[in-house]
Amino acid sequence: MTPIQRDRGDAFHVLPSTFYVFPFLLRRALSALLLILLVSSSSLVLVRLAPGTGEGIGADPAIVAAERHRLGLDRPLLEQYGAWLVRTVRFDFGESLRFRRPVSSLIRENAPNTALLGATAMLLATLIGLPLGVLTGSRRSALASAAGGASIVFLSIPSLVLSLGLLLVAARTGWLPAGGLGVPAPDAGLLERGALTLRYLLLPSIALALPVAASIERLESRAMADALAEPCIVAALARGVPARRVVWRHALRLSLKPVLAIYGILVGSVLSGSFIVEQVMSWPGLGVLMFDALTARDLFLVAGCAATGAALLAVGILISDVALAAVDPRIEEPLL
Amino acid sequence: MTRRPLPALGVALLGLVALVAVAAPLVAPYDPGRQFGDFASAPPMRPHVIDDAGAWHLPFVYPIRLVTRLERRYDEDRATRVTLRWGRGGTLVSADEGTGPLLLLGADSLGRDVFSRLVRGSRLSLGVSVLATLCALVVGALVGAAAGFRGGTIDALAMNVADFVIVLPAIYVVLALRAVMPLVLSTSEVFWTLAAVMGLAGWPYPARGVRAVVAVERRMEYAEAARALGAGPWRILLRHVLPAAKGLLAVQATLLLPSFILAEATLSYVGLGFPEPTPSWGAMLQEAGRISSLVDAPWLLAPAAAIVISVLALHLTAGGRPTLERTVQAAPVNN
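Keeping their order, the protein sequence lines are chains Z and P.
All residue numbers for the first sequence refer to the numbering used here, where the first residue is 12 and numbers rise by one.
All residue numbers for the second sequence refer to the numbering used here, where the first residue is -19 and numbers rise by one.
What the hints contain is simulated information worked out from the structure, not anything from laboratory work.
One or more hints might be untrue.
[Unchecked claim] According to the in silico footprint, chain Z covers these stretches of chain P (three or more CB under 8 Å from chain Z):
id	segment
1	123 to 130
2	142 to 149
3	237 to 246
4	260 to 274
Please read all numbers here as calculations on a predicted model, not as lab measurements.
Note that beta-carbon positions come from the ideal geometry of N, C-alpha and C, so glycine has one too.
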């Protein structure tokens, strides 16, 4: 660390750092809960008010009325919401109207797939984007400008297009399965299961990761260029610290702050992209389930999916908040 | 850098795309709904200038003929040259009808010309995105101006709502808003619904930026001078303060437009956008999404290329900076 940086940091390290960590985590966890509650409540209300919810087409009115009564849809709206809230905080998400199964069991089948896809894509995007960004931001060479140009192009190829293209390549060559998620044999070992999942995971995660990688590359490139102009970096170079060490140790840490500051938004865009990739590549995830639930006006399944999606989002944001706090402890906390 | 070739290239591309969309009926050779029965899933006809003997000609195509209907196999008739006609019959390019249709980008499984549908589709796909962008900018500017000008509770409420929407995955916001509308709508209803839904999902981004600008500008001396001269709050806001946010709104437009083009494509792809047989880029990609059609007729991906070109043009125009970076720049650092 350069002296200038240490001067900045010292004032905040008078007390042991754990003194701050627990209240910080507690506040972030509370706002995550608030996010989940707001998202699931608003989606529940939206679908409840949508035309066609809880109505039968061509069905016997008596049966429809009996079903509405069983589901409690004939009670006052506020009472319905209260009942749903009470059940939800006990992790009872109700029953899917369409699949006639508990919402929680449907979510347990689909949510891990989305979490796996999203986490893999996020990891892949960071591993590709960050080093390339450091490269393009810290030096001027033909290679660096080629990488910068490539990321402008990849920034313009959305996951929808990329996944269709990869699907075509997979179907033509037969190298990788064209969509879906393979079911392993019941007697397959752990290694075998992992290898199978990996084969199916590869294309969707690439389709999801590349646009995000391009975003990260552009951001890191700019942040690195800004960081290298900081006085502390100039001072480090003047003291004779090797340029490579200055870039990868000193400037990297400085440049990570603006990048990590938008990691929360990136997690959101990965979830957005995951919806598209799941649809195109028939990946049995939360996006497919949510879409079916929305078009079928499957009230409780929509709310359950929204709550789970919000939870995934909240975990992603929490991780990026913690990473940001680790890089720069002086962060301002947003309300939500 | 004094010379900026990339933005210039972007503006040129953007102009080309806009020109094609505006002049669509003149560019498309056929009606987008017209079916050529014997040309289902026919491959693209490449324009040539050199024939097999090596002689040069004006641009021409070789006509194609169905060989086996079951396999949908087509053969080029290398003996006949069909010279392209320019500007005749009210369209930019056409061929003699006697030798069959001119299918520059092939045909879909119903025998409709992909090129004509692509060109006509650009009007819907780009039109709805532009309208949604205007919607988002107007609503965002109004909300942001109100929040920045009044401050206090209104400000806190509006900005918290905006932050909440920004944090959510954008596609799900659009999807949920669209899905709670009646599922089956006519083409013009879909047009207005999509524009409204996407505008509703997009307003927080410009709102945050406008709020930051207005909150600073309204305390400037020129605003006070206007008040001293007897201008009311509306006049100060609309005539004096809001013009300061013009540049920001322009930047926001290049940020919102690509995401709306993509949102339309996504919604139509999953069946909540423009319905068949309306040609829009997303609706056309629906057929490409079926593995069998995709493998047999990869030219169905033409709308995907059109999306990439439009988005790339917008990114280049904005100077090749990532959209997210501009979001962060537009948003106030400490609010």
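Taking the hints in turn, this is what the structure says about them:
1. Counting residues of the segment 123 to 130 of chain P whose beta-carbon sits less than 8 Å from any beta-carbon of chain Z gives 0, not enough to reach three: the coverage restraint is violated.
2. Only residues whose C-beta sits within less than 8 Å of a C-beta in chain Z count toward coverage, and the segment 142 to 149 of chain P has 6 of them, enough to reach three; the restraint holds.
3. With 4 residues having a Cβ less than 8 Å from any Cβ of chain Z, the segment 237 to 246 of chain P passes the three-residue criterion, so the hint holds.
4. Only when three residues or more bring their CB closer than 8 Å to a CB of chain Z does the claim for the segment 260 to 274 of chain P stand; here the count is 5, and the claim holds.
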